[in-house]
Amino acid sequence: MAYVPLADQDQEMEMHHPHSWVEKYVWSQDHKVIAIQYGGLAVLTGIVGLVLSLLFRLQLGFPESVDFVDPNFYYQAVTMHGMIMVVYFLTALFLGGFGNYMVPLMLGARDMVFPFLNMMSVWTFLISVIILMASFFVGGGPTGAGWTLYPPQTTMAGTPGHDAGIILMLVSLAVFVVAFTMGGLNYVVTILQYRCRGMTLMRMPLTIWGIFVATVLGLFAFPALLVACIMMMFDTLLGTSFFMPAVIESGSPLDYEGGSPILFQHLFWFFGHPEVYIVALPAFGLVSDVLSVHARKNIFGYRMMVWAIIAIGGLSFIVWAHHMYVSGMNPYFGFFFATTTLIIAVPTALKVYNWLLTLWEGDIRLNAPMYFAIGFIFTFIHGGLTGLFLGNVVIDLPLSDTYFVVAHFHLVMGVSPILVLFAAIYHWYPKLSGRMYNETMAKAHFWITFLGAYAIYLPMHYLGFLGVPRRYYALGSTDFIPASAQELNSSITIAALIVGTAQILFFINIIGSLKWGKKADPNPWGAASLEWQTPDTPPKHGNWGDELPTVYRWAYDYSVPGAPEDFIPQNTPERVTPAASDEHIDTDKDSTLADV
Amino acid sequence: MSLIKTVTEKPWERKGVIGGMEPEGTFDTEAERVALTFFLVIATVIFSLFMVSYYIRMELPDWEPLSEPAQLWFNTGLLVASSAFFQWARNIVARGDSKNLYTSFFGAGVLAILFIVAQLVTWNHLQAGGFYLSSNPANAFYYLLTGLHALHLAGGLWVWSKSAIRLVSGGEPEDIKLSIELCTVYWHFLLLVWIVMFAVLSNT
Amino acid sequence: MTLAVVIFLLVVGSIIFHFASPWWFTDIATDWGSIDFTINVTFWVTGFVFVACNVFLAYCIWKFRKKPGHKAVYEPENTKLEAWLSVFTTVGVIAMLAPGLFVWATFVTPPDNALEYEVLGQQWQWQFRYPGADGILGTADTGFVSESNPFGVNPEDPNGMDDVVVNDPDMHLAVNQPVKALLRSNDVLHNYTVPQFRVKMDLVPGLVSYLWFDPTKEGTYDIMCEELCGIGHFVMRGSVTVESQAAFDSWLASQPTFAETQNAAGPDIAAGQAQYAACAACHGANGEGNQALNAPKIAGQQPWYIERQLNHFKQGARGGDGDTNGAQMTAFASMLTTDEAVRNISAYIATFPDNPAPTTISGDIANGYDIYDRNCAACHLDNGAGVWYTDAPKLAGMSDWYFVTQISNFRAGIRGLHADDDYGEQMVQMATAMGDLDEIEDVAAYINTLR
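Protein chains in written order, with the UniProt record's numbering: chain A, 1 to 596; chain B, 1 to 204; chain C, 1 to 451.
Rather than coming from a laboratory, the hints here were simulated on the basis of the structure. Since this is a predicted model, take the numbers as computed values, not measurements. A couple of the hints might just be wrong.
To be verified - Covered stretches of chain C (chain A as the covering partner; in silico rule of three or more C-beta atoms under 8 Å from a C-beta of chain A): (1) 46 to 57; (2) 61 to 75; (3) 181 to 190; (4) 201 to 213; (5) 303 to 312; (6) 331 to 344; (7) 433 to 441.
Cβ coordinates follow ideal geometry from the N, Cα and C atoms, glycine included.
Isolated chain A (complex conformation) (with noise of 0.2 Å):
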């Protein structure tokens, strides 16, 4: 069996078609079910994530007037909302989720290359995420160690949570990275061996790539926080030195010699700096798309874009000490890690301009998804710029462990990737549900959040350059806070309660138009890539109905001279322009959708 001609898996896929409810909904193996599993398992942990962030602002805020956050609840509710935001959310919903729905939707498969496998990964997601959630009610509550875990602190009496919490954290992780592995094998392979006829590499949308390399990325990064975990949870309980070195615990030395905390930050950091691609890169992928879709405009620079992605991909495996300058390693890593770090501002920057030459000459049209994915253009052109800062190590000097950082990487991984998913559940929802959203409450939606986002962290970027420091229960009395440092926390923290708030309008709106939305058409925007040229919308079992689609052209051919429509399908035929009769398109649609 050399090849598998795609025709002839149909009978394959036949097999697996469900016969009940619950094999339908529950026990599937259909990768669009097993995506919205997914997402909607990441969106509950990241509500939870969300609620604790505004539990530990609301202290930070109004420290006088809070008192059922205590220190050891505060440093509990920031490290789990750390864990949960970057792993159990953001990478679990990119790639789990719409790494799922489209990989075999813009690829013209039928599903997934292991379609049980792809349940399995969704079912072991879930038991991490139990794992997790059950630390919250084990004696001593969730671990409090920072989302880092650093050693020796994790398993100390000092740090909440540091019996049953930090145990139940590692076997989520470990449990997590096979989760993630599955799926991750499932992407990969399929992206390679899936593709329909005619799907070259290059053919195929920024998102796939996006998702492609941040999967090869996520493979070949978790390893080593599974090694740093099951190292750790070795130091923990069978009393072994990996990272642990001669320490005193209350009084006490505790029976430990010569481990290495250090190298712990190192394990930690070749997985953790992959980790912000493993988010990014998914988040540049869908947001190219959504942006020439709605610019009516091809990609700009499709090839740069595509080098730069694999670039970045390369070089985030060798700058990951840069989290690290300040950490006690030998300095001298410091020339390195700076340039190699800077180095990769350069293939960052050229997605940005590339991004603006996009909407250069094209014809805009501002729908909610473009909100969305402008409003990602700014703020991850501040945050990007902000990194440039860190990554310099002299500058690192004063601010790392400051609240600068702590702005930075929200703005950079967390607001950034958030505003691309909602740009990306409003552009795919139409096709997802078959229905469409509301465009009011959107722009509403999107208004709160991008500048509430920009009010959370703009002004505590300037508390970094005063040098308050991050991870403080209470400022406290110093000579350097002036007190007008704590009233800007209190207005962060009302706008973080006004953004968390806002965000009841997003589910309103996605949940709501399922059932009042109106009708959708099959392809609203006028997209060229494949997933929007399914037979149904949305897409039954196996996604092409009879046939499979052939690809004649790449994802982006929008406004192509000569051509009748804006755009052409990704599946018509060279030289045959789409007939007018093609259901399709739409003529009227276009002025009833743009807003200005």
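Assemble the complex: chain A is given as a structure, and chains B and C must be docked to it using the hints.
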């Protein structure tokens, strides 16, 4: 397919179906084999990270090298034999033959099981000799690395046992051909990992 | 359209915020102006890119928004433009990186004339050690750490004998004298940060890290811990005073050497007993306490804690405004004129039989346990015995009403905020984190179960 050529192509200039039935850039092999290749890279990353940690930890002053018991040479022999039997089984199914398939295929699995048992016995000897897990990082790494290796082998045996059941319950050799081929690759990989690991452990 | 205007306004607003912000770098107190220079270069480069990109973004949204009859231009790529942009970006990156690397090269190579001193971090306090006359710091190891040798200085190492040990979180430096700080930790990661000095570095147990600087401006600055080190991270504070060489020398001379701390004469219990007569009237002959006279039980309390509190009363760090009972103690404590007297009386109190004080407070024990276990046990230990290592006094079996009074005093800022009360602010912060009087009583009720 040249990677450079692929990614420098200008996709907007070429129209039409490229590559016939297979889109350009697809590997001419089974999906399972591609997946296994990726998995082997992941496993290599895991073992390499442990090795790097081993070397970093070794530099610290409290390290007392563990002298590996001679029994490990015997264990190594078992693993080599297991791998060789798998290769034998692979060659048989590759020829479309079935003679000696039972001997080679089951022999490979049994030898692998014996290897794991022998590893456990070695652990017990070390424990009895006072080389406890927590007494020195060199010991801890020995137990961790050998344990991890045995765990990988156990995972392989799970796949092997599925094929074994299929074979015993009247399956044709053709049905488990791919499985045997992939197991053989995996076994060779684990043998290689073991040899590297054994060399590192004995020389430090 | 609105979006274009908003993006433009955000750019303008960010610039205005930047220039109007009262929150900015503290005035630099070392000669690390080169770091500030690198920051300024980075600000100009990134600021230009920020404005240029976003104004271009706003312009595109406004100019190319959908209009009837308008069609987008088909332009797959423009290699020339992309090449220029790459070059332009690379130049900008080099402009920021090059000065950064030069300054870093200075940072990693301390000058030969830098004097060494040691910073020791532990949960949740700072201590400092200066080389003595020989200019060499003795070796140290966590294995040697004990109540009488909190630095873990190697007692066999002759270089360590004349080391000056500063067992409180306030250190001094001479102005314009470059120094190299050697950083050690007894337990977890910490980070030695003085914002005005610009440089910081982690303290890592098991190894010695370093940083160096040349203090150029006299003054007293806060030392902050900036690596999460457990529940007390946010209250791990110290201070550094930069002063003239003469003032520094006299301060250093007034600090004990390691040998002095090791060879101090043992306390004279008989002398302590004689002095105690004045205390017995209120605290009872065996230190059992008397609530009617607002005198807490002192029998069984940790001797170092009694010593420290007597000194606080003497110095006026306790018993100030609002603390009438404390003011009475000031008068009595002042009768102990010498450090020896304080040590003798503490040693005598340590000989009393430790019988639990009567319980006078009741409350929700389960809630008390929850609060105690989460927030108090890290220092005062699970059994409430307290320990010198975290500067935590004994709570179990002590007077519960006194506990409530003192927590209330901490909350009200009556106790703990005096500059000489080194670890008082830690308790102020922890006590304010408690909800109300009921919660304090719940905790007291729980502590009553620990006897």
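Comparing the hints with the structure gives:
1. With a threshold of 8 Å between beta carbons, the proposed coverage of the stretch 46 to 57 of chain C by chain A holds, since 7 of its residues qualify and at least three are required.
2. Residues of the stretch 61 to 75 of chain C with a Cβ under 8 Å from some Cβ of chain A number 11, which satisfies the need for three, so the listed coverage holds.
3. Counting residues of the stretch 181 to 190 of chain C whose CB lies closer than 8 Å to any CB of chain A gives 5, so the stated coverage by that chain holds, three being the minimum.
4. Under a criterion of three residues with beta carbons nearer than 8 Å to beta carbons of chain A, the stated coverage of the stretch 201 to 213 of chain C is upheld, 8 such residues being counted.
5. Restraint check on the stretch 303 to 312 of chain C versus chain A: 0 residues with Cβ-Cβ distances below 8 Å, three needed, restraint violated.
6. Look at the stretch 331 to 344 of chain C against chain A: 0 of its residues bring a Cβ nearer than 8 Å to a Cβ of that chain, fewer than three, so the hint is violated.
7. Under a criterion of three residues with beta carbons nearer than 8 Å to beta carbons of chain A, the stated coverage of the stretch 433 to 441 of chain C is upheld, 4 such residues being counted.
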